[in-house]
Amino acid sequence: MTTQLTLDLTRPEPNTHIIDEVRKTTAASRRTGRVTKTLRRFGTLLRSHVVASFAALYVALVLISALLPQWFTRADPYATAPAQSMQAPSAAHWFGTDKLGRDVFTRVVYGGRTTITASLVALAIAVIAGLALGVIAGYAGGVLDALLMRFVDVWLAIPGLLLAITIVTAIGFGTLPVAIAIGVGICPTFARTTRSQVLRVKQEDYIEAARTSGSSDASIVVNHILPNAIGPVAVLALLDFGGIIMAVATLSFLGFGVKPPEAEWGSLINDGRDYLLTAPWLSILPGLVVVATVLAITVLGNAVKKELK
Amino acid sequence: MRTSKPWYVLGRIGQAVLVLWAAYTVCYIILNLLPADPLALLLQAKGTDIGSLNADQIATLRHTYGLDAGPVQQYLTMLLAALHGDFGTSYTLGQPVLPLIASRVSSTLAISLLALVVAVALAFALAFAAVFTRSRVIRNVLGAIPVIGMSVPSFWVALLLMQVFSFSLGWFPSMGMQGWKSLVLPTVTMAIPTSALLGQLLLSEFDAVLESPQAVVAKAHGLSRTQVILHHVVKNASLPSLTILGLLVGDTFTGAIIAETIFARQGLGMLIQQAVTQQDVPVVQGAVVLAAGAFVLVNLIVDLIYPLLDPRIRI
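Just so you know, the sequences run in chain order A and B.
Under the numbering used here, the first residue of the first sequence is numbered 1, with each subsequent residue one higher.
Under the numbering used here, the first residue of the second sequence is numbered 310, with each subsequent residue one higher.
No lab work stands behind these hints, which were simulated from the structure alone.
Heads up, some of the hints might be wrong.
The calculated label-pair distances, taken between Cβ atoms and stated as ranges, are [to be verified]:
| id | chain 1 | residue 1 | chain 2 | residue 2 | range |
| --- | --- | --- | --- | --- | --- |
| 1 | A | Arg-150 | B | Gly-488 | 42 to 52 Å |
| 2 | B | Gln-583 | A | Arg-211 | 29 to 39 Å |
| 3 | B | Thr-586 | A | Leu-45 | 44 to 54 Å |
| 4 | A | Gly-255 | B | Thr-357 | 21 to 31 Å |
Beta carbons: idealized from backbone N, C-alpha and C, even for Gly.
Using the sequences plus the hints, can you model the full thing?
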């Protein structure tokens, strides 16, 4: 060993500085190569889904406007100006003004905050409860599975929106009750999808391997079942989100949601109902925003579903 | 493992009855065991505030309405009454629920059936057009129609129809139930989501069957595309849509609520909307049980006749 060491030492000292430099630049170029590759792949993805890309952009805008409505409009959604009541759409008021002179575009943006938040709450309830039910039923199997699934069958026998209306009758009106009711109403589909995924994943060899190596049920579910079962559930969540927005708007339109003067998409459309003859924009323009949002989410969801297949 | 046919049918009917009973129970639990006090709701619907009564009066009222019994006993009493067709009395209208629903159901049934016919016709027209067209652009446009149809809130479509065909053109009345003209706009409103759902299913089924071996063989035998589609594709591609019939019945109930509320039709949908607004619990319960019953019955019928229509499915 020592002789070798001395031999090494007698060698002319290599210029480590240059080697380091070369190593660094190759690493950097490899990294930029990876970045450009990812970018290129992203570019092809965008090009092959032009419509879906625009849809994604629009959904992102709607989500940001729900979080930060003040970025999109300077006006106050509750500020009344009787002198400017019932104006047609113009540069100053993109969607016109209502009976009390409030700017309708501002109310649509702030209404979006209510609708989107309620829809996200409903979706969260449906996904979390659906995942829990589906995992328990699918993983436990046997009697518990049979019982839970019969329960889900009953749940599905009552049409989702009617079940939501029943729950609202019992717990009262408002944004949160509507969100809870819709979440509970659509939960069974999530439970079913999750269960079928769990049954598929449960067959895999790695579950057997994890069990043999002594993992607990809880750790198998968290580390192996959930990550592998969640894909289709996520796609379902995205695809259902549009329907949830529509359900929230429908219940508000029927008068079970927010109380005036708060703005919400469905109740805004309802507010304009009495002025269809004189000021059709009051109902039609907010409705177009709802249509565009639901359509964009559906297009995006279909593209994601296709891409994952 | 094959069980005999009568036993299968009996078992299937038993299962349907069980689901209906369970739906009634779930509905009862939601409406009666949640925080709101049923007596307070009842009195509120009659225009009395429960706070204005003294304890004795409240106790007497509780006894008259059978609300002083334990929850299990109340449930059993109500279930027994429901089995005899007594779903209680409406808080606000003072009428028994079943005759009330029965008196409203016919006009709703009329627009629902009409809407279903229109929806089926539209969906088939769409699917045929998509199969027969040679232009890729037209095909893509036709494929996008159901997606758009499902993304439009029907309450907004109803307002749009009202604005265009009642107020601008004056062709159809915007409200009321007089004459056939009043049926048109509610029917179209209800048909759009249904036809979108059905159209999407038919589109994909037509494509799938056209690529199936039997269609290829039929083509190889020298049949024209039209003959293949008419004699081989239509029947096979339409069968799966029977399985979503139950789902469509459910959608019909919600569609009726929207269409009747907007076009001011005194039907079941409007009854439900008013019952919810006034927290009229017995009416809501009756309507939900009716909807669940319709869903269960339609699914039962579809399950029983499906093997007769499709010999590949055996029971």
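Hints, one by one, checked against the model:
no.	hint	in the structure
1	Arg-150/A x Gly-488/B: 42 to 52 Å	holds (47 Å)
2	Gln-583/B x Arg-211/A: 29 to 39 Å	violated (56 Å)
3	Thr-586/B x Leu-45/A: 44 to 54 Å	holds (48 Å)
4	Gly-255/A x Thr-357/B: 21 to 31 Å	holds (23 Å)
This entry does not satisfy hint 2, going by the numbered hints stated previously; all others are met.
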